[in-house]
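Start from the sequences, fold in the hints, and give me the full structure.
Going down the list, the sequences are from chains F and W.
First residue of the first sequence? That's 1 in full-length UniProt numbering, and the numbers climb one at a time after it.
First residue of the second sequence? That's 1 in full-length UniProt numbering, and the numbers climb one at a time after it.
Heads up, some of the hints might be wrong.
Stated by the list, open to error - Cut-off 30 Å, straight-line C-alpha distance, at most; resulting in silico cross-link-like pairs (DSSO-like, lysine-lysine): (1) F/LYS19 with F/LYS75; (2) F/LYS115 with W/LYS254; (3) W/LYS140 with F/LYS84; (4) F/LYS19 with W/LYS140; (5) W/LYS147 with F/LYS19; (6) W/LYS45 with F/LYS115; (7) W/LYS111 with W/LYS254; (8) F/LYS167 with F/LYS84.
Note that these hints are calculated values from the structure, not bench results.
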Amino acid sequence: MAVATAGRPAGFRSRLSRKIQDNLMAYAFMAGGIACFAFFSWYPLVRGVILSFQQINFVTDPYWVGTDNFTAIFKDPLFVTAWKNTLIFTGIALIFGFLVPLALSILINEMRHLKGFFRVAVYLPVMLPPIVGVLLFRYFYDPGFGLFNTILRGVGLPESQWTQSSKTAMISLVLVSTWANLGGATLMYLAALQSIPGDLYEAAELDGASAWRRLRHVTLPQLRFIMLVLLLLQIIATMQVFIEPYQLTGTSNPDTVTVMVLIYRYAFTVNQDFGMAAAMSVLLFVVLGIFSAIYLRVTRDRD
Amino acid sequence: MTIATPIRPLPATPPVAPAPRRRRSASGSGATRTLFSEVEISRGKGRFLYWLTLTLVFLLFLAIFIFPLYWMFSSAVKTPEEYAQPDPTLFPHTFVPETYQLAWDRMRIAKFFANTAFYALGGWLIQLVFQVAVAYALSKLRPIFGKVVLGLMLASLMLPATALLIPAYLTVTDVPIFGWNLLNTPWALWLPAVANAFNIYVLKRFFDQIPNDLLDSAALDGAGRFRVLWSIVLPLSRPVLGVVSIFSIVAIWKDFIWPLLVLQDPETQTLSVALSRLASTSQVPPTQLMAGLAIASVPMIVVFLIFQRSIIGGLAAGSMKG
Chain F
1 MAVATAGRPA GFRSRLSRKI QDNLMAYAFM AGGIACFAFF SWYPLVRGVI
51 LSFQQINFVT DPYWVGTDNF TAIFKDPLFV TAWKNTLIFT GIALIFGFLV
101 PLALSILINE MRHLKGFFRV AVYLPVMLPP IVGVLLFRYF YDPGFGLFNT
151 ILRGVGLPES QWTQSSKTAM ISLVLVSTWA NLGGATLMYL AALQSIPGDL
201 YEAAELDGAS AWRRLRHVTL PQLRFIMLVL LLLQIIATMQ VFIEPYQLTG
251 TSNPDTVTVM VLIYRYAFTV NQDFGMAAAM SVLLFVVLGI FSAIYLRVTR
301 DRD
Chain W
1 MTIATPIRPL PATPPVAPAP RRRRSASGSG ATRTLFSEVE ISRGKGRFLY
51 WLTLTLVFLL FLAIFIFPLY WMFSSAVKTP EEYAQPDPTL FPHTFVPETY
101 QLAWDRMRIA KFFANTAFYA LGGWLIQLVF QVAVAYALSK LRPIFGKVVL
151 GLMLASLMLP ATALLIPAYL TVTDVPIFGW NLLNTPWALW LPAVANAFNI
201 YVLKRFFDQI PNDLLDSAAL DGAGRFRVLW SIVLPLSRPV LGVVSIFSIV
251 AIWKDFIWPL LVLQDPETQT LSVALSRLAS TSQVPPTQLM AGLAIASVPM
301 IVVFLIFQRS IIGGLAAGSM KG
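Structure, rendered in structure tokens:
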């Protein structure tokens with residue numbers, strides 16, 4: 001670009017105007033994208049925080065209420081329940097969603113045949129619209145003619161109420177969610193496994209390490225980084241669980257009401273109070289922000 | 001990995017063709033050593049254990065991941081009577097494929113399917129146009145404050161979408177400055193979808209690798225900025241455009257909570273939201289609902305089977321932070 005004007009004394013002005021022109025051109029290219037970010041990402045972030053200190057009713061202008069929204073949600077008995085349920089969901093989801101993909105990926109990686117099939121099969125549920133998995137499992141869970149109870153009957157085990165009993169509701173939700181989502185983590189582990197140098201295993205074998213010890217002292221240490229990353233990503237994702245409780249147990253079931261369900265409830269069903277919903281969102285954002293910050297820190301150190 | 005794909009100087013070369021061959025030879029027939037060596041699993045007891053494990057894992061995958069889908073497709077063709085039996089039948093004894101037709105017509109699946117397809121394709125086009133423009137400007141025109149703009153965009157990746165749900169919803173009901181109400185319009189899905197920093201980052205990283213000399217020589221030949229983008233950058237970027245395209249279409253097709261909020265008028269709903277609503281009314285026979293679920297899944301299954309390499313490759317690339 002600078003070819004024509006380089007070195008000529010008269011070139012400075014034309015170079016400056018060229019520079020301005022380039023910048024105008026660049027911002028013209030970016031205008032649409034920047035506007036979308038401004039309207040649907042940056043501005044809502046600021047507005048969300050402001051909203052949590054406001055009362056909004058669509059009749060009069062929003063007005064400041066200080067920390068009233070926060071006091072209101074703290075007083076709501078569902079507040080503690082929602083956080084407890086969310087933590088339980090995240091906890092159980094971690095046990096399944098963290099260990100199962102790890103085990104599956106190690107298994108797939110050892111297979112010399114059908115690898116393509118395993119990869120496709122495990123990721124297929126991830127591709128489906130989440131509502132499909134949830135409604136499908138709703139029929140599996142049906143206490144009357146559901147498939148799961150048929151299987152339990154078949155092997156002589158007691159039947160379960162699945163989503164309809166407070167004892168099993170949460171785990172039933174985790175099962176659907178895990179089924180629908182574990183493919184992503186499995187494939188990421190698989191990619192990491194394939195990048196482990198084969199020499200390491202060879203050397204360990206020559207030193208007389210058994211398969212179990214090779215797994216413990218070669219595979220797992222090599223996966224440490226990706227395990228940490230996926231752990232954080234999963235905490236962030238599962239704390240936002242919504243569709244499973246929304247569709248399977250409803251928005252007013254105290255057994256399964258989660259933080260996201262409560263936000264939805266505040267804004268769109270029972271209370272119609274956007275200020276309370278925003279206050280709850282701010283709390284969720286702060287908690288998730290901590291994990292996001294750790295995630296960024298961890299992945300940046302790696303670079 | 002997709003991002004690091006070397007750029008081919010000849011745009012005419014199909015960019016996807018050589019990749020599978022390479023990958024197959026790398027993972028096939030034990031080119032890389034894993035936990036167990038070839039020797040361990042090809043002789044005596046090891047061989048037996050390997051085949052036993054393979055069979056068990058295969059059956060496990062079949063039962064867990066494939067069976068529910070089979071169940072969905074096959075339940076839809078049962079008669080409602082057979083479907084309601086206390087002991088479900090593994091293979092349908094009755095066969096009424098018309099249920100799919102019925103669901104398509106009566107539940108107006110056709111309408112919701114068309115809605116979703118329209119949202120997905122429109123959203124894909126708009127995202128691509130805006131995101132490519134931003135990435136191209138950031139990568140090749142390098143404006144002042146370009147780094148700040150990119151930083152602000154990337155910072156939004158830290159925001160969980162759900163934290164913005166309420167304020168973003170209010171924004172959609174009354175867009176600042178313009179005062180538009182986008183509720184129940186496609187724009188409510190399309191415009192927020194453009195604000196996807198991940199796509200912009202991936203595109204920019206790819207554009208960064210295209211040598212500037214190539215663009216400069218085109219500029220010397222008299223090509224404008226737009227012409228350079230259209231005739232040089234885009235043809236070279238086909239692989240990355242493919243991955244970004246698939247992910248944006250899939251994302252819109254799968255989205256639930258956002259369309260649930262912004263498309264409250266049943267006429268405008270996506271298939272997912274409509275199915276959720278229909279499932280709660282209990283006026284729909286379960287076999288028809290199953291057919292609806294199956295129909296909602298077909299496009300995603302087809303996309304996945306066709307583009308599985310790009311999807312799985314793109315996923316692995318994303319996880320490794322490019």
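These are the hints, each one checked on the structure:
As the CA atoms of F/LYS19 and F/LYS75 are separated by approximately 59 Å, the hinted pair breaks the 30 Å bound. Of the supplied pair hints, the one linking F/LYS115 and W/LYS254 holds, its CA atoms being roughly 26 Å apart against a limit of 30 Å. As the CA atoms of W/LYS140 and F/LYS84 are separated by approximately 49 Å, the hinted pair breaks the 30 Å bound. Pair hint F/LYS19 plus W/LYS140 holds up; C-alpha atoms about 13 Å apart against a cutoff of 30 Å.
A hinted pair counts as satisfied when its Cα atoms are at most 30 Å apart, and W/LYS147 with F/LYS19 qualifies at roughly 17 Å. Using a Cα cut-off of 30 Å, the hinted pair W/LYS45 and F/LYS115 holds, with the two alpha carbons roughly 22 Å apart. Taken as a hint, the W/LYS111 and W/LYS254 pair is honoured in the structure, with Cα atoms around 17 Å apart against an allowance of 30 Å. The hinted pair formed by F/LYS167 and F/LYS84 meets the criterion: a straight-line CA distance of about 14 Å does not exceed 30 Å.
The structure shown violates the earlier hints numbered 1, 3.
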